[in-house]
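Mind docking chain B on chain A? Use the hints.
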Amino acid sequence: MKRLLAVGAVVLTTAALAWAGSDAQPKASGAPKPVITKAVKGEQCVEPTDFMRRNHMRLLSHQRDETVIEGVRTKKYSLKECINCHASETTGSVAAAKDDFCVSCHSYAAVKIDCFDCHSTKPQGSAAMHPLNAETAHYKHKLAAQAASKVSAEEMAGVAQ
Amino acid sequence: MSELKPMSNPAPASPERRRFVGAATAAAGLAIAPGVLLIEVAHGRPEDQAASNAVRWGLLVDATKCATGCNDCVTACSTENGWTPVAESAHARQAPQWIRKLELQDPLTQMETNLPMMCQHCAEPPCVDVCPTGASFKRADGIVLVNRHTCIGCRYCMMACPYKARSLVHEPLNDTQKPDVPRGIGCVESCTLCVQKVDRGDGNTACAEACTAAGHNALLFGDMNDPESEISKRLRELPTKQVRADLNLNLGVRYHGI
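If you read the protein sequences in the order shown, they are chains A and B.
If you count by my numbering, then the first sequence holds residues 1 to 161, one letter each, in order.
If you count by my numbering, then the second sequence holds residues 1 to 258, one letter each, in order.
So that you can see chain A by itself, here it is in the shape it has in the complex (with noise of 0.2 Å):
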């Protein structure tokens, strides 16, 4: 009977190890991790991927200041290029959803990122479809602007005087 019980015992404990191992992320830690869904366009990143994962914003920052400053505007680092390829599916933004690619790492690190807060977070076809750049914007400003004004002459003059 002994013998039985120590036998159960040793089965217990290694299935018991057996499924902490199998489970790296224990819900305890309570952390989710993040959602790193693959690229939609294109089957690899400009740089190896671990490579990307630790300098992506060092290259973003020192491609921002020669494109700003000196006008150079090669693609390979570009964050409008980012955008294009790690654009989600379902939003077509990288940063519009919780899962999205940008902010899925970003908010797992806890690193707030204000890229956004001026760049666009969707590529650049999917542009005209935002109610604000589609087509007829053209047309709406218009329509707005032959209606009354709320700015009086003397304010738009204001540079004559």
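Among the hints, erroneous ones may be present.
[Unchecked claim] With a Cα cut of at most 25 Å, we get these calculated SDA-like pairs of lysine to any residue:
{"no.": "1", "chain 1": "A", "residue 1": "K80", "chain 2": "A", "residue 2": "A96"}
{"no.": "2", "chain 1": "B", "residue 1": "K241", "chain 2": "B", "residue 2": "E103"}
{"no.": "3", "chain 1": "B", "residue 1": "K197", "chain 2": "A", "residue 2": "D65"}
{"no.": "4", "chain 1": "A", "residue 1": "K76", "chain 2": "A", "residue 2": "K33"}
{"no.": "5", "chain 1": "A", "residue 1": "K112", "chain 2": "B", "residue 2": "G153"}
{"no.": "6", "chain 1": "B", "residue 1": "K138", "chain 2": "A", "residue 2": "S61"}
{"no.": "7", "chain 1": "A", "residue 1": "K80", "chain 2": "B", "residue 2": "S52"}
{"no.": "8", "chain 1": "B", "residue 1": "K197", "chain 2": "A", "residue 2": "E70"}
{"no.": "9", "chain 1": "B", "residue 1": "K197", "chain 2": "B", "residue 2": "A50"}
{"no.": "10", "chain 1": "B", "residue 1": "K197", "chain 2": "A", "residue 2": "I69"}
{"no.": "11", "chain 1": "A", "residue 1": "K80", "chain 2": "A", "residue 2": "G30"}
{"no.": "12", "chain 1": "B", "residue 1": "K138", "chain 2": "A", "residue 2": "V72"}
{"no.": "13", "chain 1": "A", "residue 1": "K80", "chain 2": "A", "residue 2": "K112"}
{"no.": "14", "chain 1": "A", "residue 1": "K80", "chain 2": "B", "residue 2": "L173"}
{"no.": "15", "chain 1": "B", "residue 1": "K138", "chain 2": "B", "residue 2": "G203"}
{"no.": "16", "chain 1": "B", "residue 1": "K233", "chain 2": "B", "residue 2": "G201"}
{"no.": "17", "chain 1": "A", "residue 1": "K75", "chain 2": "A", "residue 2": "R53"}
{"no.": "18", "chain 1": "A", "residue 1": "K75", "chain 2": "B", "residue 2": "D202"}
{"no.": "19", "chain 1": "A", "residue 1": "K112", "chain 2": "B", "residue 2": "D202"}
[Said to hold, decoys possible] Partner residues aside, some chain B positions facing chain A, computed with beta carbon under 8 Å:
{"no.": "20", "residue": "D48"}
{"no.": "21", "residue": "R139"}
{"no.": "22", "residue": "R148"}
{"no.": "23", "residue": "H149"}
{"no.": "24", "residue": "Q177"}
{"no.": "25", "residue": "I185"}
{"no.": "26", "residue": "C187"}
{"no.": "27", "residue": "K197"}
{"no.": "28", "residue": "D199"}
{"no.": "29", "residue": "A245"}
[Unchecked claim] According to the in silico footprint, chain B covers these stretches of chain A (three or more CB under 8 Å from chain B):
{"no.": "30", "stretch": "68 to 76"}
{"no.": "31", "stretch": "80 to 94"}
{"no.": "32", "stretch": "112 to 125"}
It should be emphasised that the hints constitute simulated quantities derived from the structure, not laboratory data.
C-beta atoms are modelled at their ideal positions from N, C-alpha and C, and glycine is treated no differently.
Okay, now just chain B, sitting in the frame of chain A:
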């Protein structure tokens, strides 16, 4: 000239000297490789090449052709660059105005003049002089821009600008920006001479395209450093003025008929 000055007087380079150096560089560039330069100017530069000071982008506004009541340049600018027009803004006094139409009247003769007013892309921009972070800068090809990565939104440049050309984004834009035209809350902005189009090689701005499409032809965009460009030819023929020429800022936007 400058060698004759005493060493104890570190005077900043005068506009004349800068112009001379710029012209000398441009001339040297032309002498070395005229064919290459001509091709670059005609088709836009390659994307890996920085903007060059051999080019100076400018705009000629013919106020005699600018039509009363026409707002096409303003509309085209807001559509191209994604800013909300004043008439649609919830806060009209804070609304961005990269370009605005002015209707002026001479109080003595009642003569009316129409003209668009925007960033004049000064060669000696006061906004650049006053910027505490260096965010306001002039690109090599003469386009005055705001680097939003370093802009802290202090609005000193808005105070310094004699043309009221700049505005601050007061509210979050909630991802309504154009992919080509990043702009956002807490940053100052103004006309960029459609820098995204220039770098793409379009060779024209949205306002000038709209003006031509409307048949007015009051706006002409081009390279003021290239003596063969359309704008240089017109500038040679027409009497033009700089607004507030007394400030001696050497503007990139010139007006005819004001």
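For the pair supplied as a hint, K112/A and D202/B, is the alpha-carbon distance within the 25 Å limit?
-> 36 Å, violated
With 8 Å as the cut and Cβ atoms as the points, is R148/B at the interface with chain A?
-> At 5 Å from the nearest chain A Cβ, R148/B passes the 8 Å test, so the hint holds.
Are the Cα atoms of K112/A and G153/B separated by 25 Å or less?
-> Holds, at about 20 Å.
Are K197/B and D65/A close enough, with their CA atoms no more than 25 Å apart?
-> Holds, because 19 Å separates the two Cα atoms, which is no more than 25 Å.
Satisfaction of hint between I69/A and K197/B, Cα-Cα up to 25 Å | 16 Å, holds
Whether chain B covers the stretch 80 to 94 of chain A (at least 3 residues having a Cβ closer than 8 Å to its Cβ atoms) | holds (count 3)
Given D48/B as an interface hint, is the shortest Cβ-Cβ distance to chain A below 8 Å?
-> 5 Å, holds
Would you mind confirming whether the straight-line C-alpha gap from K138/B to V72/A stays at or under 25 Å?
-> Cα-Cα ~15 Å, so holds.
Within a Cα-Cα threshold of 25 Å, do K138/B and S61/A meet the stated pairing?
-> Holds - the C-alpha atoms of S61/A and K138/B are around 20 Å apart, at most 25 Å.
Given A245/B was flagged as interface, is its beta-carbon under 8 Å from a beta-carbon of chain A?
-> At about 14 Å, which exceeds the 8 Å cut-off, the nearest Cβ of chain A leaves the hint on A245/B violated.
Hint consistency between K75/A and R53/A [alpha-carbon to alpha-carbon, up to 25 Å] = This hinted pair holds, its Cα atoms lying about 19 Å apart.
Evaluation of the interface hint that places H149/B against chain A, nearest CB under 8 Å | 6 Å, holds
Violated hints for the displayed structure, listed by number in ascending order: 4, 11, 19, 27, 29.
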